[in-house]
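Asker: Sequences listed follow chains A and B, in order. In terms of the numbering used here, the first sequence is residues 1 to 272. In terms of the numbering used here, the second sequence is residues 1 to 286.
It is possible that some hints are incorrect.
[Stated by the list, open to error] Examples of chain A residues lying across from chain B (beta carbon under 7 Å, computed):
(1) 8
(2) 11
(3) 115
(4) 126
(5) 129
(6) 134
(7) 135
(8) 138
(9) 139
(10) 239
(11) 240
(12) 242
(13) 245
(14) 247
(15) 248
(16) 249
[Said to hold, decoys possible] Cut-off 25 Å, straight-line C-alpha distance, at most; resulting in silico cross-link-like pairs (SDA-like, lysine to any residue):
(17) B/248 <-> A/132
(18) B/248 <-> A/59
(19) B/227 <-> A/9
(20) B/248 <-> B/236
(21) B/248 <-> A/168
(22) B/251 <-> A/9
(23) B/174 <-> A/132
(24) B/251 <-> A/129
(25) B/248 <-> A/61
(26) B/227 <-> A/7
(27) B/174 <-> A/162
(28) B/251 <-> A/247
[Said to hold, decoys possible] Now the in silico label distances, taken between C-beta atoms and shown as ranges:
(29) A/166 <-> B/245: 28 to 34 Å
(30) A/109 <-> B/222: 42 to 48 Å
(31) B/222 <-> A/152: 22 to 28 Å
(32) B/174 <-> A/109: 33 to 39 Å
(33) B/245 <-> A/145: 29 to 35 Å
Since the hints were made in silico from the structure, they are not lab data. Even glycine gets a Cβ: it sits at the ideal position worked out from N, Cα and C.
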Amino acid sequence: MFEGFWTSQVVWNALLIGGAAAVLSGCIGVFTVLRGQSFAGHALADVSSAGGALSLLLGINPMLGFFGLGLLGALGLSGRRQGDGDLAAGILLGAGLGLTALLLHFAISLRNSTGAAAVVMFGSLFSAPPGAGALALGSALAGVVLLGVIHRPLLLSSLDAGLAAVRGVNIRLVAGVFLVLLALAVTLSAMAVGAILSTALLIGPAAAALRLTRRPGLACALAAGLGVFCAWGGVALAYASYGFTPGRVWPVSFFIVALVFCTYAAASLRRA
Amino acid sequence: MRKTGLAMVLVFGTGAAQAQPVLHAVGLESQYADVMRQIGGPYVQVSAIEDDPNTDPHEFELSPDVAKRIYGADVIVANGLGYDGWADKLLGNAHGEVISAQAVLKLPDSTPNPHLWYDPETMPAVARAVAAAFAAKDPAHAAQYAANEKAFEASLQPWVNALAELRQKYAGTKVAVTEPVADYMLQAAGLNIATPFSLQAAIMNGTDPAPQDVSAQQALLSGGGAKIFVYNQQVTDALTVSFLATAKGAKLQVLGVYELMPAGAKNYQGWMESEVAELGRDLAGQ
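Between the sequences and the hints, there should be enough to build the whole structure, so can you do that?
Answerer: Below, the structure written as structure tokens:
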């Protein structure tokens with residue numbers, strides 16, 4: 001069932017991208033949940049899908065496309081107060097998906113991108129370009145380091161913005177940097193499980209971790225660990241699915257998201 | 001395409017230079033339209049719907065103009081097997097006669113490889129059905145249609161002979177492919193297509209390739225027994241590009257093939273002849 005698993009380049013590439021996405025998304029996800037910005041995270045993912053489509057159209061690295069549009073989305077969301085943030089996110093989400101529809105149309109009809117829509121929206125870890133794994137890992141490490149640098153003011157402003165302001169924290173700057181990190185996390189998750197499903201990797205492991213512990217640092221580590229479990233478990237199950245229906249593998253994204261759901265459901269059984 | 005049409009008029013229209021087209025016909029793919037032109041001569045105005053070799057025919061999108069052309073045609077040739085599934089509803093409403101290569105060859109819907117025009121059996125059967133349909137719609141020129149059809153079948157002989165020659169020399173030789181585009185031709189040449197069909201189907205349909213299949217293909221390409229690598233130039237993605245790099249790294253002969261008749265080809269039989277000639281050169285290691 002797992003014959004040739006460890007010698008397959010495709011598998012290693014998938015493990016690297018999935019692991020990198022899970023680690024950064026887990027850590028960023030904890031703060032996203034604490035700040036009540038799950039919806040903003042989802043909106044950024046949908047906007048970034050336009051970047052994924054654009055990268056197919058232009059033939060550039062998909063990560064560049066996802067991140068570029070994700071950054072634009074973050075720019076659109078920054079400086080919003082908590083109240084009208086949801087509204088802005090909703091408007092942005094619609095505009096982003098509309099743009100995706102247009103760009104996908106051109107990518108499919110002008111360039112020979114079979115299955116482009118499914119790849120951008122639902123991911124395709126087993127067909128990620130070789131070499132994408134190393135890039136994803138590097139970006140995830142950079143993101144985790146940057147999060148480490150701002151984690152104190154970020155945590156304070158997430159839990160009590162008034163107190164943070166009194167303590168001299170530049171709330172807008174911290175919020176802006178966080179949105180950039182959120183865009184990066186969403187980008188990596190979109191590479192792994194697709195733009196639409198990236199929310200699952202961002203929110204699921206983090207929410208499960210916060211059910212198990214209230215300590216933010218521990219929650220980050222736990223969320224990253226649970227995320228990696230889901231991502232690698234998903235890759236392994238998809239590999240094994242070669243035998244389920246002869247000659248074809250089930251989508252990796254399905255298994256990863258299913259594991260995320262089960263993880264959250266299991267964590268919910270425990271009263272935090 | 002228009003220019004080839006004009007050339008056909010000049011070639012086949014001797015003695016009927018002033019003839020006005022009597023019938024309108026549509027080929028959903030350019031290769032079928034080309035065969036219809038050869039049989040119809042000056043009496044049939046033929047147009048092709050899918051004739052852009054730079055796009056993926058599996059992802060064709062419909063426009064109102066296309067719908068109008070299909071609705072107004074007297075005879076339409078489709079491939080079938082879901083390859084031109086976008087046209088199914090239109091063909092149901094068309095008032096002209098619809099000829100499907102799949103139906104002509106009596107193939108079940110479960111046939112996995114839709115690229116029928118690479119099979120030497122396909123076009124003669126389609127050509128006969130086309131000639132019969134033209135004759136039924138325009139009995140006045142039935143004799144010309146029948147003569148043109150005979151001439152077309154005869155002109156396929158060099159291609160068929162070349163395939164038979166390859167079969168004698170190279171039967172059983174292992175080849176690797178991306179999509180099943182030219183599989184029927186490779187099989188007709190007696191070659192052994194060693195790439196798992198599940199991988200070919202995943203690439204053709206844009207679904208997740210199985211890592212097991214990718215590993216098998218990489219092994220095949222990097223010194224694992226494949227003599228040549230047949231590559232669909234019309235539809236590429238990151239995976240097929242990485243296969244191409246592996247094949248080139250292992251100094252394999254790479255044969256590029258097309259799904260639709262390329263613009264530079266003189267006609268269908270010329271296209272097939274040049275592909276089999278290149279296949280022969282690659283097998284000979286030249």
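Asker: For each hint, tell me whether it holds in the structure or not.
Answerer: Going through the hints against the structure:
Checking residue 8 of chain A against chain B by beta carbon gives a least distance of about 4 Å; that is within 7 Å, so the hint holds. Interface hint at residue 11 of chain A: satisfied, since its Cβ lies 5 Å from the closest Cβ of chain B, which is below the 7 Å cut-off. Restraint check, residue 115 of chain A versus chain B: the minimum CB separation of about 2 Å is within 7 Å; hint holds. At about 5 Å, the closest approach between the beta carbon of residue 126 of chain A and any beta carbon in chain B falls short of 7 Å, and the interface hint on this residue holds.
The beta carbon of residue 129 of chain A comes within 4 Å of a beta carbon in chain B, closer than 7 Å, and the hint placing it at the interface holds. The closest approach between the C-beta of residue 134 of chain A and any C-beta of chain B is roughly 15 Å, which is over the 7 Å cut-off, so the hint fails. For the restraint placing residue 135 of chain A at the interface with chain B, the shortest Cβ-Cβ distance is roughly 13 Å, beyond the 7 Å limit, so the hint is violated. For residue 138 of chain A, the interface hint is violated, the least distance from its beta-carbon to any beta-carbon of chain B being 19 Å, above 7 Å.
A least Cβ separation of about 18 Å between residue 139 of chain A and chain B goes past the 7 Å threshold, and the interface hint is therefore violated. With 7 Å as the threshold, the beta carbon of residue 239 of chain A comes within range of chain B, its nearest partner Cβ sitting at about 6 Å, so the hint holds. Interface restraint check for residue 240 of chain A: the shortest CB-CB distance to chain B comes to about 10 Å, outside 7 Å, so the restraint is violated. For residue 242 of chain A, the interface hint holds, since its Cβ comes within 7 Å of a Cβ in chain B; the closest pair sits about 5 Å apart.
Below 7 Å, beta-carbon pairs count as interface contacts, and residue 245 of chain A has none with chain B, the closest being about 10 Å; its hint is therefore violated. Of the supplied interface hints, the one on residue 247 of chain A holds, with its beta-carbon coming within about 3 Å of a beta-carbon of chain B, less than 7 Å. Interface restraint check: residue 248 of chain A against chain B, minimum CB-CB distance 6 Å, threshold 7 Å, status holds. Interface restraint check for residue 249 of chain A: the shortest CB-CB distance to chain B comes to about 4 Å, inside 7 Å, so the restraint holds.
Straight-line distance between C-alpha atoms of residue 248 of chain B and residue 132 of chain A comes to about 21 Å, which keeps the hinted pair within the 25 Å bound. The straight-line distance between the Cα atoms of residue 248 of chain B and residue 59 of chain A is roughly 21 Å, inside the 25 Å bound, and the hint therefore holds. For the hint linking residue 227 of chain B to residue 9 of chain A, the alpha-carbon distance of about 23 Å falls within 25 Å, and the restraint holds. A threshold of 25 Å between alpha carbons decides the hint, and for residue 248 of chain B with residue 236 of chain B the separation of about 16 Å falls inside it, so the pair holds.
For the hint pairing residue 248 of chain B with residue 168 of chain A, the CA-to-CA distance comes to about 61 Å; that exceeds 25 Å, so the pair is violated. For the hint pairing residue 251 of chain B with residue 9 of chain A, the CA-to-CA distance comes to about 21 Å; that is within 25 Å, so the pair holds. Distance hint between residue 174 of chain B and residue 132 of chain A is unfulfilled; the C-alpha atoms sit about 31 Å from each other, more than 25 Å. In summary, the hint linking residue 251 of chain B to residue 129 of chain A is supported, as the alpha carbons are separated by about 22 Å, within the 25 Å threshold.
A threshold of 25 Å between alpha carbons decides the hint, and for residue 248 of chain B with residue 61 of chain A the separation of about 22 Å falls inside it, so the pair holds. Of the supplied pair hints, the one linking residue 227 of chain B and residue 7 of chain A holds, its CA atoms being roughly 24 Å apart against a limit of 25 Å. Proximity of residue 174 of chain B to residue 162 of chain A is assessed by CA-CA distance (about 72 Å); at most 25 Å being required, the pair is judged violated. Under the criterion of a C-alpha separation no larger than 25 Å, the hint pairing residue 251 of chain B with residue 247 of chain A is inconsistent with the structure, at around 29 Å.
Between residue 166 of chain A and residue 245 of chain B the C-beta distance comes to about 59 Å, which lies outside the given range of 28 to 34 Å. At roughly 35 Å, the beta-carbon separation of residue 109 of chain A and residue 222 of chain B lies outside the given 42 to 48 Å, and the hint is violated. Remark: the range hint 22 to 28 Å for residue 222 of chain B to residue 152 of chain A is contradicted by a beta-carbon distance near 51 Å. For residue 174 of chain B paired with residue 109 of chain A, a C-beta distance near 36 Å keeps the hint of 33 to 39 Å intact.
For residue 245 of chain B and residue 145 of chain A, the Cβ-Cβ distance of about 33 Å falls inside the hinted range of 29 to 35 Å, so the restraint holds.
Hint violations for this structure: numbers 6, 7, 8, 9, 11, 13, 21, 23, 27, 28, 29, 30 and 31, all remaining hints satisfied.
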